[in-house]
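Residue numbers (our numbering), protein chains in the order written: chain W, 1 to 388; chain S, 1 to 392.
Because the hints were derived from the structure by calculation, they are not lab data. A virtual CB, placed ideally from N, CA and C, is assigned to each residue, including glycine. Worth double-checking, as some hints may not be accurate.
Claimed, not checked - Residues of chain S placed beyond 12 Å of chain W at every Cβ, according to the derived structure:
1. T6
2. R48
3. A52
4. R77
5. V82
6. A90
7. A94
8. E131
9. G141
10. M143
11. G181
12. L307
13. M315
14. W329
As the list claims (entries may be wrong) - Incomplete in silico selection of chain S near chain W, CB under 8 Å:
15. N108
16. A273
17. G276
As the list claims (entries may be wrong) - Per label pair, the in silico range of CB-to-CB distance:
18. R230/W / G115/S: 35 to 45 Å
19. I19/W / T15/S: 22 to 32 Å
20. L258/W / T6/S: 48 to 58 Å
21. T77/W / S84/S: 47 to 57 Å
22. Y332/W / L318/S: 32 to 42 Å
23. S203/S / K208/W: 14 to 24 Å
24. N199/S / S229/W: 33 to 43 Å
Spelled out from the first residue to the last, the chains are:
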Amino acid sequence: MKYFPLIWATLWRRKTRTILTLLSIVVAFLLFGVLETVDYAFAHPGAGGAGADKLITTNKYSITLSLPFSYTQQIRTVPGVAAVTWISWFGAYYQESKNFVFALPIDTESYFQLHQDEFIVSDADMHAFETTRTGALVNTALMQKFGWKVGGKVPLHSTIWTQKNGALDWTFDIVGTFSVKDKTQQGAQSSTLLFHYEMFDEGRSFGKGNVGWFEERVSDPLQSAAIGSRIDSLFANSSNETKTQPAKDFALAFIKQLGDIGFIIRAILGAVFFTLLFLTGNTMMQSVRERIPELAVLKTLGFSNPQVLGLVLSESLLLCLLAAVAGLALSYTVLPIVKEAGLQGLELSAAALAPGIGVAVLLSLIVGLPPALRAMRLNIVDGLAGKR
Amino acid sequence: MFKQLTAITVMNLRTLPQRLGASSVIVIGIAGVVAVLVSVLAMSVGFRHTLADSGRADRAIVLRGGSDAELNSNLTREDIDVISNAPGVAKDGAGQAVLSNEIVSVVNVPKADTGTDANITLRGVGAKLLEVRPELTLVDGRMFHPAVREVIAGVGAVNQFRGLTTGSVLHLRNADWTVTGVFSSNGDIHESELLADVNTVGSALERTGFSSAVVLLTSAAAFDAFKDALTTDPRLKVDVQREPSYYAAQSQQLTTTINIVGNTVAIIMAIGAMFGALNSMYSAVAARGLEIATLRAIGFGASPVLLSVMIETLMLSLIGGVIGAGLAWTFFNGHTVSTLGGAFAQVVFQLRVTPALIVTGIVWACLIGLLGGFFPALRAARLPVAAALRAV
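Bound-form chain W, shown alone (with noise of 0.2 Å):
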């Protein structure tokens, strides 16, 4: 610690080349921070509220196929479930086809049950809903985002389900908002309107009797493997075959559609840390190079072999360090951008960025240590000479 200065002073040595090789270590920091974040992302979704004690259960061979209502008495029936719950994809917009809301029909008791602790709902918010039939429970961001007010009234357009006289529009009346307890679940839940069920089997035009998928808690999360495979034994050689899995399993499967993202962003990485390498290695090994005389006179001073590499190394160190720390910092304020410029429902977390340090740490070492060694080796009286 004690040669603190001595390295500052050195790494100082020539302003601009260590500025731009900083703001260069710094930009490939802050790229690394992003991609690593949304890769985290995509690696952990956050599948609404999905504990490692939630399953769900769609029909076996395709998402968009439905399922009989009657397999929920059966599905109680298995040991260790404890609450089901049935849901219907709404498929719905607000005003535009860009404006999704993720409109979910819920059976108010089962779901509340089965998410119990999830939702921040207020009593009188939650009665309202209850006793209101077409009442809708928003979530507080998507109110924000629309600018709608409790009591107000919405209309939704669902792209799939017909009302009874061919209207594709649904209406609903706003009776309150929630929140949801888990902060990492806000993104996921942002553009969350929960309705009645009933509402929906009663209007819809066909289809009725039929549910989109099951959702279960199961009061053993080590069992849900086997209770899963119970559920889907109920019904083999049906007609209507179902598919059992945690839903942290869905919700990654379906993410893993949309392609190889890990490969996308490590290929983007490599060829960012590649030519980095590059650019920071050569500044290192210029840096030495134009110290030659002032390292022998270290030396002569009675610096050792290996303190003189310590020196260099440190040096390397400290520049890839005081880069990566504000790349990522950077990284972290930016974030809030990426989510809103089309990540909404990918929870950003910091967590990924801590893996940067290690990065920073064997950039440090690779670009460094030619030149270190370089130093180390260097012969007091060539050096003295100006000889290289």
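Put chain S on the given structure of chain W with help from the hints.
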């Protein structure tokens, strides 16, 4: 002036081999930016190309009003009859409408590379399929037969998903379906699909209605009359679109997203590469301070010095740009991938590194070079001659 410029530039370039390390920083930095930019944009170009190739201006697609996509839509048999009799619909030799009434559904099929389930489109098609879509040709096996559980698979789907080659058996809804052949279709979206007889699919899915009607028109110009007739018909509530505009709308969101992501990443990388170029050129100028001062002393002007530094940077960037675009082309042109398209189903497409993209990449390279070379060039031109000479 021009003579001076040539003399200095040639001299600078001759000394390049001595500054290989610093110069390669510019080349490699810019090659990285261009390679990433071109590869990412090649995805959006490829995806758009696949969807843009799906459809002809003289073909129309009819959906239930307000449905947005085939998967959500529902038309009755009566609707199909009305559509068949609308003006502008092409007729075959027997006087029947060239129309395919279709059912679109998605089925789970494992992806070839990961083995995880993916949604692919199973499209029930009408008897006039080959007249409506003449671009469809079998490359292997035979056509499916109606009334038995047989499908044909698109070449894209066969390559990207497991168990779709001719002779394979698919288990769908408690019944076995045989793949009897593989078809190609001009590289369009249907190559990502499975096709089967519409009535067989309908009975397997217990569906009475249809998702869409695809109609061949007598000419592209007949579209307006056809659309007007259907949208004003009180018996119907439908949306009528030309096929190309229907598929273009499906590609819009994804291509926009890819373009934003690609450009943002490339801009950030370009800033990094520009710092690298600045760094290299500043040290190049510093190392040549004496040369430059000597040239100025013997009568060379400031602008040839400035221009020569700019030219050197530009040449290095150009090399970087060409290398980057070349890398993207070598590794990714024609690379086949699949993603979830607008309609909840996988779309198989190829990355396309087009000449236009390569030009874009090289333009970016030159811009980075111009910005990275300008300030060092300015410093070179403003170098105080006397002071630089005295520094010897």
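Here is what the structure says about each hint:
Every Cβ of chain W is farther than 12 Å from the Cβ of T6/S; the closest lies at roughly 29 Å, confirming the non-interface assignment. Chain W leaves R48/S outside its interface by the beta-carbon criterion, the shortest separation being 16 Å against a cut-off of 12 Å. With a closest Cβ-Cβ approach of about 20 Å to chain W, A52/S is found to remain outside the 12 Å limit, as its non-interface label requires. No beta-carbon of chain W comes within 12 Å of the beta-carbon of R77/S; the shortest separation is about 15 Å.
With a least CB separation of 16 Å from chain W, V82/S remains clear of the 12 Å interface cut-off, as annotated. With a cut of 12 Å on Cβ distances, A90/S stays outside the contact zone with chain W, its closest approach being about 30 Å. With a least beta-carbon separation of about 34 Å from chain W, A94/S lies farther than 12 Å from that chain, consistent with its non-interface assignment. In this structure E131/S is separated from chain W by more than 12 Å, as the shortest Cβ-Cβ distance comes to about 28 Å.
Non-interface call for G141/S relative to chain W: holds, since the shortest CB-CB distance, roughly 23 Å, exceeds 12 Å. Distance to chain W confirms M143/S as a non-interface residue, since its nearest Cβ pair spans about 24 Å, more than 12 Å. Every CB of chain W is more than 12 Å from the CB of G181/S (nearest about 22 Å), matching its label as outside the interface. With a minimum CB-CB distance of about 22 Å to chain W, L307/S clears the 12 Å threshold, and the non-interface call stands.
Distance to chain W confirms M315/S as a non-interface residue, since its nearest Cβ pair spans about 18 Å, more than 12 Å. The non-interface label for W329/S is consistent with chain W: the shortest C-beta to C-beta separation is roughly 15 Å, beyond 12 Å. Hint on N108/S holds. Least Cβ distance to chain W is approximately 6 Å, under the 8 Å limit. Look at A273/S: its Cβ gets to within about 7 Å of chain W, closer than 8 Å, so that hint holds up.
Evaluation of the G276/S hint against chain W yields a held restraint, the C-beta minimum of about 4 Å falling below 8 Å. A C-beta distance of roughly 24 Å is found between R230/W and G115/S, which places it outside the suggested range of 35 to 45 Å. At roughly 26 Å, the beta carbons of I19/W and T15/S sit within the given window of 22 to 32 Å. At roughly 54 Å, the beta-carbon separation of L258/W and T6/S lies within the given 48 to 58 Å, and the hint holds.
The hinted range of 47 to 57 Å is satisfied by T77/W and S84/S, whose Cβ atoms lie roughly 50 Å apart. Against the hinted window of 32 to 42 Å, the Cβ-Cβ separation of Y332/W and L318/S comes to about 37 Å, which satisfies the hint. In this structure the supplied range 14 to 24 Å holds for S203/S paired with K208/W, their Cβ-Cβ distance being about 20 Å. Look at N199/S against S229/W: about 35 Å separates their beta carbons, and that is inside 33 to 43 Å.
Hint compliance for this structure: hint 18 is the single one not met.
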